[in-house]
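Participant: Residue-level listing of the chains:
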Amino acid sequence: MSNGLVNTRDQQFLLFEQFKIDGLFEREPYSDFSKDIALMMMSEAEKMAVNVILPTYAEGDREGCHLDKTGQVRVPKCFHDAFKKFCEGGWLAAVRSPEVGGQGMPVSLYTACSEFFGAANFAFLMYSGLTSGAAHLIELYGTEEMKNKYMYRMYSGEWGGTMCLTEPGAGSDVGALKTTAKRLPDGKFLITGTKCFISSGDQDLTTNIIHPVLARIEGDPPGTAGISIFIVPKIRVNDDGTLGEPNDVKVGNVEHKMGIKGSATCTLIFGEDGKCVGELLGKEREGMRIMFNMMNEARLEVGMQALGHASAAYEHAVQYAKERIQSTPVWEMKNPDAKAVPIIMHPDVRRDLLWMKAMVEGIRAINFFAAYALDMAKFAQTPEDRAKYLGFAELMTPICKAYSSDMACLVTSKAIDVYGGYGYCQEYPVEQYMRDVKIACIYEGTNGIQALDLVGRKLGQNQGKNVMNMAAEVQNTINRAKAVAGLKQYAAKLEEAYFAFVDLTMTFASLGKSSSFLIPILNASPYLELFGDVLVGHFLLWGAEIAQKRLEEIFEAKGADTIGKRRALVHEDPEVAYYEGKVAAAKFFAAEVLPTVKARCEVIKQGEKIPIEMAIESF
Amino acid sequence: MNIIACVKQVPDTEAQIKVKGDGSGIEEGGIKWVMNPYDEFGVEEALKLKEKFGGEVTIISVGPARAMETIRTALAMGAEKGIQIDDPALYNADAYATAEALAAAIKGLPYDIIFCGQRAIDDDSAQVGPILAELLGIPQVTFVTKLEIDGKTAKATRPIEGAQYVIETSLPCVVTATKGLNEPRYASLPGIMKAKKKPVDIKKAADLGVSGASKSKVVKFTPPPARPPGKIICADDTPEGKAAELAKLLREEAKVI
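Protein chains in written order, with our numbering: chain F, 1 to 619; chain X, 1001 to 1257.
No wet-lab data here; the hints were simulated from the structure. Model, not experiment: these values are computed from the prediction. C-beta: ideal position from N, C-alpha, C; glycine also.
Stretch-level coverage of chain F by chain X, calculated; a stretch enters the list once three of its residues show a Cβ under 8 Å from a Cβ in chain X:
#1 28–38
#2 88–95
#3 568–580
Isolated chain X, as found in the complex (with noise of 0.2 Å):
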């Protein structure tokens, strides 16, 4: 089985982010950045896959230098072999550059499944897979959280609010995955020195026939506005004295009752 699986480096869950004077981003100094969380489940799915019917398992990552060491990662994981597409034109490109781009690259490959986290913790825009189905011809599942492939079709199990799909699609196709699908492996030590020695394509926008250029543009970037002090209520050193203050309160300052 041929399987692909997209990579996306974020920042990481508990990284302080500051956005820069001029709102043009975030300032990068200081940051770790990990592989997006949600794109760790997809690769799990992939080994697992990998596995259980043999085949290659292919990492493909939009992003600048630094987002080799994601790549790594995976193939420290288990995954066979990586490509990067690293290119300016493409540094902070939207949803749809960036699935345009993973397309390109994944046209020129076999493959019978794509996996993709269900979105990104930085930017949580949620499309990139769709678009990337969309631009390949090929059926989408989203937000997957078990998925069973018998080697031609694929069902997957997709929650929604109090309930959930079963969704029985043909392959290849690609799947976006949640939380809940698997836990996903730990890269291990030999797995580490292993990964060096893996091959990993780096590719520029020209190389794969695509501009780079981004649809939407993001104006600026502003930090959400710092949470008002607490207030204390003393006014009146019973409960009843409190319970009132804070009634009025609620209706009069925060308008919510």
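Just chain F, with the same shape it has in the complex (with noise of 0.2 Å):
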């Protein structure tokens, strides 16, 4: 039976069959590691998930955060004594380095791990994100000082972190920032300036907070390229780790969201008193590139939060879907004595799911390869390899963040489809998944600017080398499933859906070279979900020829060698059932998505620019 939450199988399939993680374990650093290792450490993620996040869900969103009269955030009561257990576990930590306090765990294995923790509760999910990512920050420029003031303590769950970079008139516009940092004599700075939307911007589950704050020193020339990152903790640290003097950091209120209620979204004021003391990170002026470091592994992580919302509500859809009786089916529609049956007897209903599930298996698959990207990056044993991996993991991220969010929402509302009008009241959970899935479209970057990062940056970046290597593998896969009997004809729509993206992007980048920068600008967005569809094609498929070859084996083991007894075997064997269904949702999602590709990078081609050519006036 589900834990309701997220298929195990699946993952199983994506680590160990198809990316083939285990061999990661064979040298540095992760020789440490083996499968039943990897195996225990998911299973045990699991039982923290569903037995200790999952209860914190309902509730977390029902009691939400508040400021009390003392001015500090109470985060929902249920968080305490979850926070504490999963920092025991060691899971804050899990991929930091063991020199460092972490677990040396491999990103690919944790992000298995991450996607059972944002199914459970993301709201949840986010204290301990922020802070390692923070932590994450002083372990990468911070001082020896520093790292023993602030970093430890943070890695073992003791205190927290954030990330203050949006102000109120500097959103996507990072650049426009307020915040000033004034030079003191001990080499110290003064920090004035008011932040907005900073997530776990205050909360009582930790003793301390230390924020990492863009600022621009006093002097610094305007734009991105005068920011600089100051560390600044809420309470002052004395030299020997003691907790001092609270820091002048104020909370100005908390913001009532759609979702996500239980993650405290706070307005932050630095040194309204004068007295807001922080230690520059890194060098000066360079913030901007500092930051970024925690900005890629959040957007990232924003990616897996769509990621676990669309499988928890994939899996209670059709988990409802098989329980919920109504309705004759069709075909006895004029049966008068027909029997009502399970809503998943309905095409309509099937077909949602059946697009559910190749569309979560999908992204699945992009954000765990995102992760094993890096994973082989670190393992690489030639800088080419260690290049092209990279390169994978820096193309996919504004795809894994943008494409896998844009089709959570799409999921998570269908899911309440399913439901019909028992999903839109709160007495069941789909409703709560959209709302909480709905953020992460925006936050880390909104999805248009994840669209333009794509076009802009990500295309060009190492000459072109890092897009012609993912068309590289995206071909690869046409070829191998060319050759497998039941898959040619998926594979062709695969191929053709490729050609169209391939030609598209060429398209784009003489475009660029050329300067005429507006046709990519303004096709940015449909750009990227291309890219999305033809990845997600890409693995569906490979998964598929993998999926294929498994069928094979057990057929011939246990003797079904007619259509008949291999029919049965789906209603008795898990496995047969499982890889059926995978080879189903690459065929159908090659079948139904695919074909729409060309057409779709047709119309980007024709140079239509009648949105920017219209008229403010006239919308």
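Hints are included, so try docking the two chains, each in its own frame, into the full complex.
Facilitator: Printed below as a string of structure tokens:
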């Protein structure tokens, strides 16, 4: 029976049958791991998610966060015990190096665990996620003193962390920020300014909070090039490690949001009384470059949030559709004695469920592969390999973030459709998935910004080699799938989509060279979606090719030599049912979605500029 | 303190059990295996005693190769070492043969207290702990929800219908754990990494001087009968009519009133 959150069989398929991450365990830095250990960790993650985190999901949403009379933010009460258990389990710093208190876990393996945590309650997961990310900045750029003072206590979960970029007048345009840093005689800085939409900005889970804050040192140039980054504790830390005076960081308010209500989204006022002291992290005017380390990780985590919610919504919808009895089947229309059947028997519901399944498995593959690419970059033996895999991760980051969240919104919406009126009611959990996931399209750079990052920065990165390497991967999948009897026609569909997409990419590249940016920029979002569709087609077909081989092996071992016997096995053997589903989802996606890719590419290439040409007054 | 915790690997409580076509057992394909939940209470109590008094926790399990996962889980929770009794003669062993093998393995070890789950959730026999205590010739307290140890004696609380016993016994003894005793901890990531380096002895029945022969034999597994479909009462659309119809059915068909 399903745990209602994540299909562990599909996770294991991706990790061990498709990407074969156990190859990573052969040498440093992952030689302490084995497949057994990986499975045990995934199983513990499932327990942590289902038994500890999931019970906080609805309760955290109903209770929300509030600012108390003393100016302290209170998170949902049930988060406290769960946070303690989560940190004790070593999950907060799972992917960090053992030398700094982490577990040195491969990112791809942690990603499978994190899908579970995000599916159970992403609002809860944000407190630890931001803490780990902020501590990592100190690990990469901090002095030894800063590491001793802050980093270890953050990785253990004793203190929290945040990421302070956004200001009321500087969201997508970070360069417009107004927070200032004034030099003090001792080399530290006085920080003054207001930051808004700060996740985990204040909370009562930890005794202190360490804020990485973007600010401009007085006299530095405007724009992003003049931004530096500072470490600003909520409460000052004495040299002996004890807590000192409050550091003049005040909470202006806590936002009342559509979703992720358990995550405290705060306005923070730094230095209202002129007493907020920060320490420079890294070099002056390198704040954006430094912060991007955290932002890139955070973007991948947002992709995982999207995946987690989509997965949980799908698992719930399937379970409900198997149990909910309503209406007689359409082929019994004229039979007055026909009995009502589970709604999964109705073609329209069934079709939606298969689309959801294909999409969930597709974005799972995209996100897992990006994580695997990060591991491979560490594991690589040659500089070429390292560059190749790092290139995959960089190229895929905006797709993981934006495509996953856009698709997850649709998946969670369809889950509500499957539940009907009940899905719209709080009594059932799916409406919360839809509310909680919408933010994934917005924060960490809106999906519009992600599309611009893809088109304007990532396509041309590494002289276009990253995108060419990815194209070669897709071509390999097409070639392999063409050799499998039942998949040939679907491989042809992927090939047609792939050619059209490559052609559009070349068009964008030549437009970029001739400084005709408007068409690529105007169509950046549809382009990102096309890229996502081609990647889903690629990963699903790659998986189907493996699944088809496994099926043949099982059929042979069980002597299923006729179609009748093979069909019967689907009902008896859960492995056969899983592999058949894998193949069917790939075929469905190839048959239904991929044929639209070519037409959508053509539309963009026609170069229509109607939205720009139409006057604003006409809107 | 030397503490022993006996664990059994069982199908997950959520697993959908299918009986094999020939009734010789259950289909194991696709089943997720977990530590018997009552044994988890025993392991947790063992770890808490170790944290209080010092010493070692040894995990013992009778089961096939896959049972190693369950031993490793207990080691990841914090136990020091494990013994796996893996012998085909003991696959599908009854409570007596299992307890006999456990007793033989435990006899050579120093121990102050032995924990078992009050029963395993797969066969529900609730006999292994008590038989083990008898074979070792030591006291036993079963279904324990609270345990206080002062180093020499144990004071255990055991619920009975509408009341509870508080039982005092000397050590060593066997305690079978039930829900309420504690909240089992989760294996931590550092615990999992350490667990793989902890020693686990694998023993055969012959190594322990037992035959593995069961005293009872399972003749056949049969699934519970499928639940008959429900009946919707719609004879007459008034509440009175429906109530009359329901009463009639309860008396004549269900024969419960």
